[in-house]
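J.: For the protein sequence lines, the chains are G and E, in the order given. The numbers in the numbering used here rise by one with no breaks, and the one at position 103 of the first sequence is 103. The numbers in the numbering used here rise by one with no breaks, and the one at position 64 of the second sequence is 64.
The set of hints was computed from the structure by calculation and includes no laboratory data. A virtual CB, placed ideally from N, CA and C, is assigned to each residue, including glycine. Among the hints, erroneous ones may be present.
As the list claims (entries may be wrong) - Only pairs whose alpha carbons sit at most 27 Å apart, straight line, appear in this in silico DSSO-like list of lysine-lysine:
| id | chain 1 | residue 1 | chain 2 | residue 2 |
| --- | --- | --- | --- | --- |
| 1 | G | Lys82 | G | Lys12 |
| 2 | G | Lys82 | G | Lys140 |
| 3 | G | Lys106 | G | Lys140 |
| 4 | G | Lys140 | E | Lys50 |
| 5 | E | Lys50 | G | Lys120 |
| 6 | E | Lys25 | G | Lys106 |
| 7 | G | Lys106 | G | Lys120 |
| 8 | G | Lys8 | E | Lys25 |
| 9 | G | Lys107 | G | Lys120 |
| 10 | E | Lys25 | G | Lys82 |
| 11 | E | Lys25 | G | Lys120 |
| 12 | E | Lys25 | G | Lys3 |
| 13 | E | Lys25 | G | Lys11 |
| 14 | E | Lys25 | G | Lys12 |
| 15 | G | Lys82 | E | Lys113 |
| 16 | G | Lys7 | E | Lys25 |
| 17 | G | Lys11 | G | Lys120 |
| 18 | G | Lys107 | E | Lys113 |
Claimed, not checked - Okay, the calculated beta carbon distance ranges per label pair:
| id | chain 1 | residue 1 | chain 2 | residue 2 | range |
| --- | --- | --- | --- | --- | --- |
| 19 | G | Arg52 | E | Thr88 | 40 to 48 Å |
| 20 | E | Thr24 | G | Thr112 | 44 to 52 Å |
| 21 | E | Leu84 | G | Gly21 | 49 to 57 Å |
| 22 | G | Gly74 | E | Leu54 | 30 to 38 Å |
| 23 | G | Met142 | E | Lys25 | 34 to 42 Å |
| 24 | G | Trp58 | E | Leu84 | 17 to 25 Å |
| 25 | G | Met142 | E | Ser106 | 33 to 41 Å |
| 26 | E | Ser80 | G | Lys82 | 16 to 24 Å |
| 27 | G | Leu73 | E | Leu54 | 33 to 41 Å |
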Amino acid sequence: MNKDEYKKLVKKHIPQENRTGNAITAFLIGGFVGFIAEGLIEVIMNIFSLNRIDASVWTCLIIIFASSLFTALGFFDNWMSKAKAGLLLPTTGFAHSVSSSALDYKKEGLITGLGSNFFKLAGSVILYGILSAFILVIVKVMISG
Amino acid sequence: MQLIWSFIIAGLFCLLGQIILDNTKLTPGHVTSLFTVLGAILAFFGLYDKFINLAGGGASTIISNFGYLLYEGALSGYRSSGILGIFTGLLTKGGAAIVGAVIFASLVTLFFKPKD
Chain G
1 MNKDEYKKLV
11 KKHIPQENRT
21 GNAITAFLIG
31 GFVGFIAEGL
41 IEVIMNIFSL
51 NRIDASVWTC
61 LIIIFASSLF
71 TALGFFDNWM
81 SKAKAGLLLP
91 TTGFAHSVSS
101 SALDYKKEGL
111 ITGLGSNFFK
121 LAGSVILYGI
131 LSAFILVIVK
141 VMISG
Chain E
1 MQLIWSFIIA
11 GLFCLLGQII
21 LDNTKLTPGH
31 VTSLFTVLGA
41 ILAFFGLYDK
51 FINLAGGGAS
61 TIISNFGYLL
71 YEGALSGYRS
81 SGILGIFTGL
91 LTKGGAAIVG
101 AVIFASLVTL
111 FFKPKD
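Here chain G stands alone, though its shape is the one from the complex (with noise of 0.2 Å):
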């Protein structure tokens, strides 16, 4: 047998994903996260008559709120896996690695577990974030004074 055969064959044993299937369903979850948030949005406009920026604020806490819980409780790693994209772009994502890393890390020790591991994949995000904001303000600032 030579090597491209050998390729051939071990191209025919991994497992397919299914990827049509995957980008259907980030599309259906991720589009119902955001058909959700913007719910909860009108009804705290409507409720406590605050402004849109006010309500999205509150809507982007209730969602971190409620993912950190669900992530505590066990079933939103399962979720997670099952949703593809679609949990993991939204505010979701961002809070389930958050408190996951807390909660996995809790048992090593305030400081050295828990501390240091707290933004261990939310990290990244802040860092490259910040980075990106900053020199984007720089340019900005140098094209338009």
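Once you've looked at the hints, dock chain E against the given chain G.
T.: Chain E only, in chain G's frame:
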């Protein structure tokens, strides 16, 4: 109408993320960071405002919104107090997500044990 646009915009972001995940070697960590930076870039070109106006909650739940808020915070900081304002203002709008995540994750860690 905004509810439908929320569904479509949030869905499209996630669809794009899933396509990147499936067709490249990037991990979920890469993709979330990428989308945060993408949010700041879209804000730079004035496009993210349009998503927010169109879709409201659909655009503001996606992680790209975090990049957008950081950019907006830094820019309004610059407008009110110059270069120093970029440093002091950067986290003013996006900070709620970080503080929220810290407080709620600490709260649940206090009351729950990790499940295997």
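J.: Which of the numbered hints above does this structure break?
T.: 2, 3, 5, 6, 17, 19, 20, 24, 26
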